[in-house]
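**Student:** Chain W is fixed; fit chain D onto it per the hints.
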Amino acid sequence: MKYLDEYRDPQLAQQLSRQIHKITTKPWVIMEVCGGQTHAIVKFGIDTLLPDKIELVHGPGCPVCVTPLEMIDRALVIAARKDVIFCSFGDMLRVPGSTTDLLAVRAQGGDVRIVYSPMDAVKIAKDNPKKEIVFFAVGFETTAPANAMAVYQAKELGLNNFSLLVSHVLVPPAMEAILSSKSNRVQGFLAAGHVCAVMGYTQYPPIAAKYKVPIIVTGFEPLDILQGIAMCVEQLEEGRFEVENQYTRSVKEYGNQHAQDLISKVFQVIPRKWRGIGEIPQSGLSLTDQYKDYDAEIKFNLEGIKTQESLECISGLILQGIKKPNECSAFGVKCTPEHPLGATMVSSEGACSAYYRYKRTS
Amino acid sequence: MDSLSCPFPIQQYPQVLLAHGGGGKLMQQLIEKMFTQAFGPKPASGLHDSTVLKLPANKIAFTTDSFVVHPLFFPGGDIGSLAVNGTVNDLAMSGAKPLYLSLGFIIEEGLSMEVLWRIVGSIKKAADRAGVTIVTGDTKVVDRGKGDGIYINTSGIGIIEHGLSIVPTKIRAGDVILINGDIGRHGIAIMATRENLEFETTIESDCAALNDIVSCLIKAGIEIHCMRDLTRGGLASALNEIAQDASKGIQIDEASVPVKEQVASACAIMGFDPLYVANEGRFIAFVPEGQAAKALKILQNHPLGQGACRIGVVSDDPKPLVTLKSFIGANRILDMISGEQLPRIC
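Protein sequence lines correspond, in order, to chains W and D. Note that the numbering used here gives residue 240 to position 203 of the first sequence, counting from 1, and the numbers run on in steps of one. Note that the numbering used here gives residue 319 to position 307 of the second sequence, counting from 1, and the numbers run on in steps of one.
Don't read these hints as lab results, they were simulated from the structure. Possibly wrong hints are sitting among the right ones.
To be verified - Cross-link-like lysine-lysine pairs, in silico, DSS-like; alpha carbons within 25 Å at most: (1) D/LYS337 with W/LYS361; (2) D/LYS54 with D/LYS137; (3) W/LYS371 with W/LYS396; (4) W/LYS396 with D/LYS331; (5) W/LYS167 with W/LYS119; (6) D/LYS272 with W/LYS39; (7) D/LYS331 with D/LYS71; (8) D/LYS272 with D/LYS337; (9) W/LYS90 with D/LYS337; (10) W/LYS167 with D/LYS158.
Only a predicted model underlies this, so the values are computations on that prediction, with no experimental measurement involved.
For reference, chain W alone in the conformation it holds in the complex (with noise of 0.2 Å):
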C-alpha cells in the first residue's frame, strides 16, 4: 500500500536497529507520547529490535484511556435518554464507566451510533429535528479541528438540536506533567506526529530545554518510529536536548494553521481531569461561551453523578510511564479485554491492551 509499505521494509529495519546497536552505550528511558505509537511498536514488535539498555514506556496518549470517568458516566446518562442520538468514535463504546459501558447502553435500548466523522453526526442531527444528537468529542489536537468543523457548521446550518459532550485534551503540558513529577523517569519523548501536523511543534522546545530533554516529532509506522529512536539515542548519547522533526512528511513547524483557526474559535484552553493521573493545568479544551448553547454539559441536567474508580486498576502509573501493564497484579488475570478494569486494557491504542494482545506469553 503506497504510503505504508515503504515505511514496513523488513531490511530498512534492521538497519536502523543495528545502527541504535551501533550508537547506544548508556541506558535510557524513552517515551512514545502517542498511543498509536504504542499500538505499533508492540503490534510491530519495534521493541525486540532494541538494545536492551533502550527502554520504551508508554505515554498518555491514548484519548480513550485518559477520559475521566466522570465524563464517561455522563455519557452514559447521556445516551441512556429516549430522545437522544449518542454518536460517538468506536472504540469509546466498550470504555467501562461506574457501572455499564456504551454497549450495554445500546443493548437496553439507547440509540448509541457509531460515527467516523463528526460530521457524520451534524448530518444526523439534521435528518432528525425531532431527537437530540450529541457527539462525544474526546481526542487531542488532532481530532480538534473536526470537532470544532462539526460545531461550526451546525451553527452555520442553524441546527439547535445538536451538541457535543467535551472531553479534548492536550499534549504539551501532559508532558511537563510527567517530567515534573518527582517519580519521572522519562530522559527522551517520541513525540505524537499526528498532533503535530495540526499543532506544529514550536511549542516543545521550551520544554526540551527546562526539562533537558530530546523531543523528537515522530510518525507511526515501523521506520518512523525506529528512525525516532535512532535520533533520540543519538542526542542523548551526545548530551543534547533539541526539538527535531522525524516525520516530515507530515509536520511542519507551524502546523496546519486553518486547523488552529478553527480550533480558536470554537475551543478555549481550560484545566482537564486526565483519569488516572489527575488534573492538569491549561490542559484541556471546552467550547467558548459563543458556542456553549452546543455544550451537552449545558443542555442536559447531569448532576447527582456518583463516579467509583477500581481500586486494582493502575492505569495512572502506567499513563505516566511509571509502571508497565505486566507489573500489574490483576493484568490478564482479573483485567482482560473483555473485562476491563480501567481504560488502558479497553482502547486498542492502550498499553494493556497492546501488550495483552501482542506481548503475553501463555
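**Tutor:** Coordinates of chain D only, in the frame set by chain W:
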C-alpha cells in the same frame, strides 16, 4: 432463475403479512407459488412434516447456521447466497460433500414481497452452483419492528466419501498452512455499505461455496489434516481456535498473508486489522509439508484459489499460541479478538 418472474401475485400482496406465516391459505400460497417454484416440484407424495432422504454413505456431516446480515444486499452477495454458502462451507470444512439444505425464514411483517423473491432467487442460484438441494423449510412471520427484514437459518447434510479425519487434533508439527486467497473483503464490503460508516469503495464480498475447491484437494489424495473457513473473527480467530483445540503452536508470516490494497487501505483508515476481518469464501488448509506444493498448485488452478499461498506452519511448541512474524521481521503473538473491532478515534 434470474429470467423467471415471480409466480406469486406480488401485485396483490406487495408486502409480507403476518398471515403469510400463519398456517392458512396465504402461507400455503407463498410456499407453493414462490418456494416450491424455486426449489423444485412438490414431491409426488405431497408436502409433509418432514422429508425422507436416502444417503449413500454411512458417515454424514451435519451443521446449522443462522444469518442475520444487515444490509440484506451487499456488493458481491446477499443474505440468500450467504445462507447457502455459509452452511455449504461448514460442511466442506470437514471434507463432506454437501447434498441437502433446510431453509428456515423468519420474516418481519412488511418485508417487500419483491425483496423476498430476490432473496429466494439468490438462494436458488447459490444452491444450484454448490450442487445442493433445498429439501425442507419453514416460514415464520414476526410483528413489524421485531425483526430486521428477514433472518434465515439453514442446516445442511453432507456425505463423507473419504477416509480422512479432518479435525484440529490431527494437525502435526511441520504441517504447512495454505490459504485460498486474499482476506478481509466480506467484512469491509459490509462495513462500507452500513449507513453510519460512510466511505466509498468498490470492494466486493468474497462470498462463495468452497465445496468444489475442497473436493479437488481430496480427490487428488491430499492428506488434509484440518480446514477452517475464515468467517467471523477472520484468520486470526480461526488460527487461535485450531491452536487451542490441538494444543499446538502456530507460526504465521504477516507479509505472506494476502490482503488487497483497497481492503488494507480501508482497514488502515478505520483502525482495523485485516487478520480479524470476516470472510465468506476463504479457508485455510493444514497439509503435510511433503504435499504442500502439490496442494497449493491444485488450489491455484481453481477459480476460487487463484490467490492461494502458503502463510505459515505448525510449530513443535506445545503452548497453544499463534505467533506472527511481523512485516519488519519481529515476532509477536497473534491473539483472538475480544468483542468486535471498533473504529478507533485517530
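**Student:** None of the hints should be skipped; say for each whether it holds.
**Tutor:** So, going through the hints one by one against the coordinates:
no., hint, in the structure
1, D/LYS337 with W/LYS361, "24 Å, holds"
2, D/LYS54 with D/LYS137, "19 Å, holds"
3, W/LYS371 with W/LYS396, "17 Å, holds"
4, W/LYS396 with D/LYS331, "14 Å, holds"
5, W/LYS167 with W/LYS119, "11 Å, holds"
6, D/LYS272 with W/LYS39, "12 Å, holds"
7, D/LYS331 with D/LYS71, "33 Å, violated"
8, D/LYS272 with D/LYS337, "19 Å, holds"
9, W/LYS90 with D/LYS337, "23 Å, holds"
10, W/LYS167 with D/LYS158, "23 Å, holds"
Consistency note: the structure conflicts with earlier hint 7 alone.
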